[in-house]
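Peer 1: Sequence:
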Amino acid sequence: MAPYCQIRCSVLPMLETMQLLKESHLELLQKTPFWPLLEAFHNGTVSELQCKDCRTPLLKIIKTFNPETASFHFGTRAISINTEDISQILGLPQHGDTVQFGHLVYRRSYKSDFTERHFKGTDRVSHKLLHGLLLKLLNRKEQTDIEDVVRLTLMELFITFLFTRPHLQLVLVKYCDEFDKLSRYSWAAAVGEFLNRSLKAKSKVEIKGCALLIPLWLCEKTNITQPISGREIIEGNTPSLIRWSLPELNMKMQEITICEIERLFEVQNGIELEIKPEHENHEGEEEELKKKDTKQKGRELYQPLQKEIVERRKVQKNDYELNVKNNFKDKLKAEVDGDMELIEKDQLDPQIPCTAIQLSPGDDNKVPQVEHQMRLPMEGTGVKVGKQQLDPDFVCNVVPKRRKAKEQHAPSDPILTVPTRAIQDSAGKRDEQIIIIVDDSVSEEEKSTRKVKRPRKEWSPLERCEVFKLLDDEYQQKVKAFWSMTNPKELFWSGKNASVAREDVKKLIQNTAVASNVIDAFMELLEQKQHQSSVKQSTYISTLCWNYVRMKDARKKGKKDQVQDEVHDEVGLNQLVFDPLLGSMAQSDYIFFPVISKFHYTLLVLNKNEKKWTHYNPLRKRSELHIDPCYEVAKQMHQLIQEWFHITQKEAPRALLNGTKRKKLGKREDRMEVPLSEDEKRTLTWMMDNNIDFKIENDRISPQQDFKSLDCGIFVMYYMNQLSQGLQLEKEITECRMREFRKNLIKLLLDHENGWKQTSTT
DNA sequence: TTCTCAAGAGCTCAATCTTT
DNA sequence: AAAGATTGAGCTCTTGAGAA
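Counted from 1, the first sequence has number 338 at position 338 by UniProt numbering; the numbering is strictly sequential.
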């Protein structure tokens, strides 16, 4: 019997373990970088149902893995899983020190109090042993026991999910032992490297590492499946794996061939992906692999094989191209019996790793080194699998035998019964239909038009957009005129520090997410307004400042660079944050900091009179599941400003005495003494007379955006608008209100003196 | 430089679960 | 109930750091 390919990665053990843990354990685990992932296990956002049936898709994808490029080859394209993807899918830190595996790190066995306590006399750490120990210690109340449970939990996570192997590597035991230092490391990169190493290995009897990552990654990167309803939007460090149902992927993948996956990548990304794989520091490792192999077997042995491979590649590559160009069937008819057609067609698929590889430019000269790595695909299909693992679809595209059985249990899965159509455009970006092409015969022309058309696809006519309908005739005409203008670079509105471009107007009208510059523009409008009416005074901090705020873990550069960056950051922050603050703190009641993070906008407000910071999040509900990442970001800004307050407060007497402040003007070291303005003097005096220890809190009552809407930017503007005018925030806000707000914003921009004027361009 | 030995990698097998 | 698939875990060989 053919050797069986063992996949050890599973979510089950962790789902179970996380239910056993007590509050005290969880509390400690929250401090580790694995918490977002563990929490998903703990509160059941990841379920067993969601992760089963991963095998077939997984093996399908693994077959396309090319050890030479460390990437998957779908059709003509090589795509690799990069650290960022892993970080997103598993919610693990992306930046930090490299996790070291292997001999190099610990020359002799690792010993500590922890290992002495539990592993004395045992030479291997297996899952059974770990779990047994964990159960034993679970109910003890001693601090060391609690800590040990935490260590064991992490070890169990490693051995069953992230770094699966029959026995846990001692290096990893060491990392778990010092669990308070875990956040230093780039775990996302570690998981990637571990998995890659396993995939590159000659023997494929078992896939070590987090194999589940592969199908999850496919879900994430392609349009094959849609997210589970209600889980479309994921922000911050939440593991996005909670969005996907692998049984669904399995079903969808039965309807398509590996070749077609390539196109589905395109659908989501919108841009053509280069064939060039993204190499991820694996060069060294690859070298090592090659060295080993040549040493072991000698090169001559593979010379003929290599030639054959190159030959076959050429032929097969041509075949592939031909197939795409002419109709698949036509070509086969010429060569093969009509009856064989179907089978022959699909038998080509397992060879895709050979057929479809187009060497990336840099690889051309590497051909002589290809031999050992190409051996696997040569031996038929690379991965040797038993009959059942071989997805029937893989061999034949006709309705698979097993399909029935799968369909039977599928509806019983509550997750799967969710209608997928409804989910489709809720994520906003995915306004395309999923295209499942069962027929392989796609002509080159068709393919190219698809590529060209998709990104350029115009938005639906203005008239159909709800926001546009709300506008009065006069404004409708203006917007139309602006839109039909020939020069697309013309600005809709431009101010001192911000501008609104054609794209932004489009987003406003289309009811999708707006860019940060619109918020900046709105802040500028509010600021001007307050000069005219002077009700409440507010200071608005530009969203650009986030370019200069370095997030805690995002640091991995040479020392020289870092110093340069720090100077750069300091100058930037001075200009965008501290100078405006110093200038206007004294008169301002509110200071607004829009918080811009990768997926979401929130608002941080300093209320000077109430002496507190408040963080408003238009999507609180989502983050009740986990630590609110936006709040974490806001806290960092809070800390930064508070530190500045204290430094400035200390400096204030001296500065006031001299009537100057120290200022760093450029990248050079010297600081200049700059005279203080009247406003700045007032701020400094205020600081000296007041306690400036303001606490931050997360708001719990602000109105919330609809789960599926992309209104977070609009909400941030709404919050600012209300607060700056001293108005109450409403308890609830409908989507209509937000459309209204969008409409009013367009009107405001058009009416403004800096707004686009029809006459100015014609 | 060679030798030794623990850690790691690969392989095998029994036990258990699923499918037919 | 039998056959086949899957899982968990032990055994053995290989590797490479440190000692001699």
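Calculated directly from the structure, the hints in this document are not laboratory data. It is possible that some hints are incorrect.
DEER-style ranges, computed between Cβ atoms [to be verified]:
#, residue 1, residue 2, range
1, Gln649, His531, 24 to 30 Å
2, Lys31, Glu697, 20 to 26 Å
3, Ser126, Ile701, 46 to 52 Å
4, Gln636, Ile701, 21 to 27 Å
In silico DSSO-like cross-links for lysine-lysine, where the CA-CA straight-line distance does not exceed 30 Å [to be verified]:
#, residue 1, residue 2
5, Lys506, Lys469
6, Lys128, Lys221
7, Lys469, Lys529
Note that the coordinates shown come from a computational prediction; the quantities given were computed from them, not determined experimentally. C-beta: ideal position from N, C-alpha, C; glycine also.
Peer 1: Decide, hint by hint, whether the structure agrees.
Peer 2: Each hint, compared with the structure:
no.: 1; hint: Gln649 / His531: 24 to 30 Å; in the structure: holds, 28 Å
no.: 2; hint: Lys31 / Glu697: 20 to 26 Å; in the structure: holds, 21 Å
no.: 3; hint: Ser126 / Ile701: 46 to 52 Å; in the structure: holds, 51 Å
no.: 4; hint: Gln636 / Ile701: 21 to 27 Å; in the structure: holds, 24 Å
no.: 5; hint: Lys506 / Lys469; in the structure: holds, 14 Å
no.: 6; hint: Lys128 / Lys221; in the structure: violated, 35 Å
no.: 7; hint: Lys469 / Lys529; in the structure: holds, 27 Å
Of the hints listed earlier, the one the structure fails to meet is number 6.
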